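Undergrad: Please build the complex by placing chain B on the supplied structure of chain A, with the hints as guidance.
Take a look at the letters that make up each chain.
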Amino acid sequence: KMVLAPVIFPNEIHSLPYSMFFSLLLILQIQVIENDKASRGGQIYATNIRGQVPPLVTTDCVIQDQGNASPRYIRCTAYCFPSSSDMAKQAQIPLAAIIKPFAAVPPNETPLYVVNHGETGPIRCNRCKAYMCPFMQFIEGGRKYQCGFCNCINDVPPFFFQHLDHIGRRTDHYERPELSLGSYEYVATLDYCRNNKPPNSPAYIFMIDVSYSNIKSGLVKLICNELKTVLDNLPREEQEETSAIRVGFVTYNKVLHFFNVKSNLAQPQMMVVSDVGEVFVPLLDGFLVNFQESRSVVNNLLDQIPEMFADTNESETVFAPVIQAGMEALKAAECAGKLFIFHSSLPTAEAPGKLKNRDDKKLINTDKEKILFQPQTNIYESLARDCVANGCCVNLFLFPNQYVDVASMGLVTMYTGGTLYKYNNFQVHSDGPQFLSDLRKEIGKKTGFDAIMRVRTSTGFRATDFFGAIYMNNTTDVEMAAVDCDKAITVEFKHDDKLNEDSGALIQCAVLYTSISGQRRLRIHNIGLNCSSQLADLYKSCETDALINFFAKSAFKAILSQPLKTIREILVSQTARMLACYRKNCASPSAVSQLILPDAMKVLPVYINCLLKSCVLVGRPEIPTDERAYHRQLVMSMDVADTQLFFYPQLLPISDAFPTAVRCSEERLSEGGVFFLANGLNMFLWLGVSTPPELIQGIFNVPSFAHISTETLLPEVDNPYSKKLRSIMDYIQSNRPYSMKLLIAKQREQAEMLFRQYLVEDKGLYGGASYVDFLCCVHKEICQLLS
Amino acid sequence: MATYLEFIQQNEERDGVRFSWNVWPSSRLEATRMVVPLACLLTPLKERLDLPPVQYEPVLCSRQTCKAVLNPLCQVDYRAKLWACNFCFQRNQFPPAYAGISEINQPAELMPQFSTIEYIVQRGSPTPLIFLYVVDTCLEEEDLQALKESLQMSLSLLPPEALVGLITFGRMVQVHELSCEGISKSYVFRGTKDLTAKQIQDMLGLTRPVVPVQQGRPLQPQEQPPISSRFLQPVHKIDMNLTDLLGELQRDPWPVTQGKRPLRSTGVALSIAVGLLEGTFPNTGARIMLFTGGPPTQGPGMVVGDELKTPIRSWHDIEKDNARFMKKATKHYETLANRTAANGHCIDIYACALDQTGLLEMKCCANLTGGHMMMGDSFNTSLFKQTFQRVFSKDFNGEFRMAFGATLEVKTSRELKISGAIGPCISLNAKGPCVSENELGIGGTCQWKICSLDPSSTLAIYFEVVNQHNAPIPQGGRGAVQFVTQYQHSSTQRRIRVTTIARNWADAQSQLQHIEAAFDQEVAAVLMARLGVYRAESEEGPDVLRWLDRQLIRLCQKFGQYNKDDPNSFRLSDSFSLYPQFMFHLRRSPFLQVFNNSPDESSFYRHHFSRQDLTQSLIMIQPILYSYSFSGPPEPVLLDSSSILADRILLMDTFFQIVIYHGETIAQWQKAGYQDMPEYENFKHLLQAPLDDAQEILQTRFPMPRYINTEHGSSQARFLLSKVNPSQTHNNLYAWGQESGSPILTDDVSLQVFMDHLKKLAVSSAS
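Protein sequences, first through last, are from chains A and B.
Okay, so the first sequence: first residue is 1 according to UniProt numbering, each after it adds one.
Okay, so the second sequence: first residue is 1 according to UniProt numbering, each after it adds one.
Hints listed in this document are in silico derivations from the structure and should not be mistaken for laboratory results.
The structure displayed is predicted, hence computed values, not measured ones.
Mixed in with the good hints there might be a few duds.
Cβ pair distances, simulated, as ranges [said to hold, decoys possible]: (1) B:T257 <-> A:G168: 31 to 37 Å; (2) A:L284 <-> B:S538: 39 to 45 Å; (3) A:R358 <-> B:S538: 56 to 62 Å; (4) B:E399 <-> A:Q292: 53 to 59 Å; (5) A:L190 <-> B:S538: 24 to 30 Å; (6) A:P198 <-> B:T257: 17 to 23 Å; (7) A:E316 <-> B:V121: 45 to 51 Å; (8) A:P433 <-> B:G305: 53 to 59 Å; (9) A:P433 <-> B:T127: 34 to 40 Å; (10) A:L284 <-> B:T700: 51 to 57 Å.
Quick partial rundown of chain A residues pointing at chain B, CB under 10 Å, derived from the structure [as the list claims (entries may be wrong)]: (11) Q267; (12) V273; (13) G286; (14) L301.
Sample of chain A residues at the chain B side, in silico, Cβ under 7 Å [unchecked claim]: (15) P268; (16) Q269; (17) P282; (18) L284; (19) D285; (20) Q304; (21) S739; (22) M740.
C-beta: ideal position from N, C-alpha, C; glycine also.
The shape of chain A in the complex, shown without the other chains:
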């Protein structure tokens, strides 16, 4: 099916009445989402067919694993790969998979089965070491099998032998997850463990900056109070009653304080390490404890910490030694784990990793701009390497009041699969709930520790590039100190040969990791894609949301090495070339002036424009460097759904009886309406000046527009308006990795400016084309390419 979507006459574009585009463009972004929802939402999507395009990320449906990994785990930019590299070059469509190996599955879908082959361990192809999976072809009556990836013929181990039925399928096909499912887990043997020793259960270490600003803001007290309850919700295996995860506590300013909270102590013991130049762990026994056992000592400690430092006037902090200490502690305890660091300032104290304020706006839009995104010192890189080598994941909660050099400080977090949270000008009463919600979520997250991922492919193509919160020591092994349910790795593939159209393109992603309870496991995701020598097949099978994820990550990675201008140009020209190739080879002949978009890429231009307008790719001195570095880092580990929402926020007219999303454009706002916008990091409630008072009363419990204070939190009012708004917020918030803080933007007031940045179809606040302008520009490029 080919769609002849909006027809634009480039020469006249500016003279046309605006409303005309309005109707044309309206079809695009929102309609595509709504159409998919209408046709596939609420249904069961079975993964039994190779190369089928899954429902959009915005569409809710139940996914049934029938031989290929669920799109929750793997999404691809194209589900039908071009059969040759020439063809791939011609189409310019990136071939990539976005893998989220630990994605959360809704309760109505089956969790992963665990296969245990005992001491022999998982069955693997002798040559390419791929794991037993539905792509293995059993032959010779079931005595041998041919590897679907490298075609090597392997013997079936005797214990695994099974007869074949009349269609050549093993009779136990449906009894074994590894033969019939796209995703499953193996229990790993000692060979897969560090030093051939079974791993210890992981540990979480809480490291709290107790310098002056954090004490004064009340943050330390907030954290300590929260920890007393949140530690009851440490993640645990489904069948376990309590969590096996041990916890430890460190506070620090210019020096580090470790705490002994052994259960048999009457009171906690504090050990100060002031040798920050060569930091070390002063204790082993009693540092990492089971929270349930040491509850009274831990609570005693958490009560005391805010008191202990109440009179502090220490404002300098260290940072790298803190990570180092946490890592050494985990190393000494021989376990993997996570650090939770709560930090607020630029680490200026004399110590390794000391940072200075190097935020230089003059570098923006020059060839040296990339320096701002690179770490100040290489200590953080080597620290990251050590952390990864020791399975130490660093979660960083930043509470800056000014520049803190996120590019340097966030680096270890980025490389170790951790999450970076940033709360600017943190105020306990207004930002506390958001932070606590993030903290609770982060602590409770299902996680794989000390993980290593390997992506295997069938012959003809291979994984060439990886993007995400990962560390690569070589070209094939993706190392992650930890990988949680929100982290996605984007993998780019390239041809190295012709692909076979019959056998398709097969991908197996295997993640070796340590589970929450300290079991070594392998998580396997398999997906089969089609191959075709027809460009039309390729264009038909594309997924724009995945493409944007790839483009965003590759552009954000390129920032480290290339000037912004080049990156922007590449994005525009690649978009144009993808579309031109389609126009030339797949579309039916039509006037040159017509812009013809493939059905699957109808929304590509609008998304590319949004990406180009993201603050990372916009070099303007008004945008804080830290904010850009922060966004860059967040996007690098986002999955398809996250990038979709992040680049094109959802805008809902709350004032409507049944709010359906509208385009992010000022045109859609009305003075009498209330609009809700969310992008995964922020939420806005925009209020038109003539919003009906009953709506205002209903939501804010105040009589009029003028009474609404933008400082307050959203009150819980027992009223259908309030309930509706809050249920919408809850829904949007659910399954999002970051908690969003609601900002209230009243029309024609200061806060509205912030809100307007997110109206991505309009001309950007800091420059950046409107959607229409961008479309013209792309069209012009396409015309040039075609002529």
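TA: Showing chain B alone in chain A's frame:
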């Protein structure tokens, strides 16, 4: 006239001084011919119940190079209110306060009985004593428990105002903060990294941030407590806290795998202790008390690696230059000891372990600072517990028997110069007209620092007669020496004790018999022994023995009466008669013999030998032996194998050991249980008597001796057998007849053989 013996005793009791010669040869040449140098043992703080201190400043000679203290030997012109210094002959005006003096109204320091006098003086504000415990936690559970209890107990013995601190160490070093409530807090240091004093103080937060002085605003008087207060607190304030803290001390938690020694960071722990005090309380009386249960195994100052399969160095290794860590470790501890001494602090070492603990390397810490050294098998022994308790013993005035930060200055009349001192001191490098170029011991100075001393601390001080032969001293001329000891009393008062003595000069050619008669052979033996032990620390053992022998032969040649080449004619006068015997036992003593002793033991023995007073030193050289029998009251007997008889009980005191030895028959009777039968009550009394006597010694001795109760044929009997003169050995047993004594299985020469050789050499015209 009283005998010289009485004279010597009197002088010792009054002044705590004993000279090798009590009549001095008047010329340099003659003096050198006396063989035994002119020297004395000085016990600066000898307990004097009859000496109430005076509460004013001493009067000093006004000559800048002299500054001797006014003393009974000075000539006083009461009318002109002038006094002449007896050292430099400077005439001085009395200070105004002395306006009222006259022949009848004399100040104490001019009265002859106050040749030793003590002044209490005002010097700044008094600072409390400081006790810093440095505790090894790599101990067995039982040992640690015992140590913890001893430490807790000690808190009740400390003066309530004293400051106390705690450092513990194992793999890491922890400096405990004492002022915190609700949470126990400590600063932790890596055990492998040596830090400078500055770094330590920075890391402990002891350096005050520099507060910019605002113009026109005077500096605020110190309102906040001193910064060191986090680590050093008055006992009365934190004894509960510290008791709890000590109670909660755990063994070093770091795992020790099989075949390894625990990692023990003694070197860094001491360095931190020294650095902490250095920055906060320089020149204040302070004891760093190290309790260690094994050798340092890591970091600076490590003595042995952590592999158990490599044993700690032995004398054999040292001779073969196989002691890998010794030099480096010794250097580390020497540096620390010198810094500590410079700050006026002292380091005690309480080492309890079955194997060596590195005392050899660490000895200078105690030796140079006047600290105690104690060696035992376990902290869970009365040996340690009582020794430690005795550190805090009090004198008759209820004051601690410890003094701090002393400087000893010696002044001599111009015929004498000072060669050096041997004892628990370091040189202050004070050059002066009375400093000799010929050094004996720690020389080149007339002032020494003694960071810690007690009433028995004794220094040997060596002099040189510099008067030329052709400048005779007028008849009746006397030589004088003044000892000025300034110190911090345990009550934190500053005190100055001044002892001024004088001895007659005599012309050695015409009056040799006077000089001879005034020879103090006991102190001479100890003074020579100190020289020998001092040499043994740096020279090869055999060289020292040869030197001692040569001195002995020369002395015999000089003072013996004999016919040339006729050994049988050799005689020594009474004042010399015991001297060769002392030398015989000294040669066999653990101070000079390293055979059968570990390097640690040698260090321990030498440490004590170089600081004890005359009586104790003599016991160390020649242990005393008492015999108990039915035939009469206990009697001292010869330290000879012939004294070991079947029906006797022997009590031997070697200073380090108290041995009770039951003869063969006594042991059999005891086994048969006669002592429990009413009709043999006297046997019971006989058994009890040496026990009571031993108890008496045990109660006063510091350090507590090892107590051995043994009997004939028991392996422990070796303690006795190795000490007695082997007059009967398996070689000569039958030649000596039947019954008496018991043979010693040894190839050592007996006193008899030794004396025979000595006589032969002394009378030989060839030498």
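Undergrad: For every hint, state whether the structure bears it out.
TA: Each hint, compared with the structure:
1. B:T257 <-> A:G168: 31 to 37 Å: violated (56 Å)
2. A:L284 <-> B:S538: 39 to 45 Å: At 44 Å between Cβs, range holds.
3. A:R358 <-> B:S538: 56 to 62 Å: For A:R358 and B:S538 the Cβ distance comes to about 59 Å; the hint holds.
4. B:E399 <-> A:Q292: 53 to 59 Å: Given about 55 Å between the Cβ atoms, the range holds.
5. A:L190 <-> B:S538: 24 to 30 Å: violated (59 Å)
6. A:P198 <-> B:T257: 17 to 23 Å: Because 19 Å falls inside the window, the suggested range holds.
7. A:E316 <-> B:V121: 45 to 51 Å: The hinted range 45 to 51 Å holds for A:E316 and B:V121, with Cβ atoms some 47 Å apart.
8. A:P433 <-> B:G305: 53 to 59 Å: holds (57 Å)
9. A:P433 <-> B:T127: 34 to 40 Å: violated (56 Å)
10. A:L284 <-> B:T700: 51 to 57 Å: violated (46 Å)
11. Q267: Holds - the Cβ of A:Q267 comes within 10 Å of chain B, reaching about 6 Å at its closest.
12. V273: holds (5 Å)
13. G286: holds (7 Å)
14. L301: holds (7 Å)
15. P268: holds (5 Å)
16. Q269: With Cβ-Cβ at 5 Å, under 7 Å, it holds.
17. P282: holds (3 Å)
18. L284: For A:L284, the interface hint holds, since the closest Cβ of chain B sits about 6 Å away, which is under 7 Å.
19. D285: Holds, about 4 Å.
20. Q304: holds (6 Å)
21. S739: violated (33 Å)
22. M740: With Cβ-Cβ at 38 Å, over 7 Å, it is violated.
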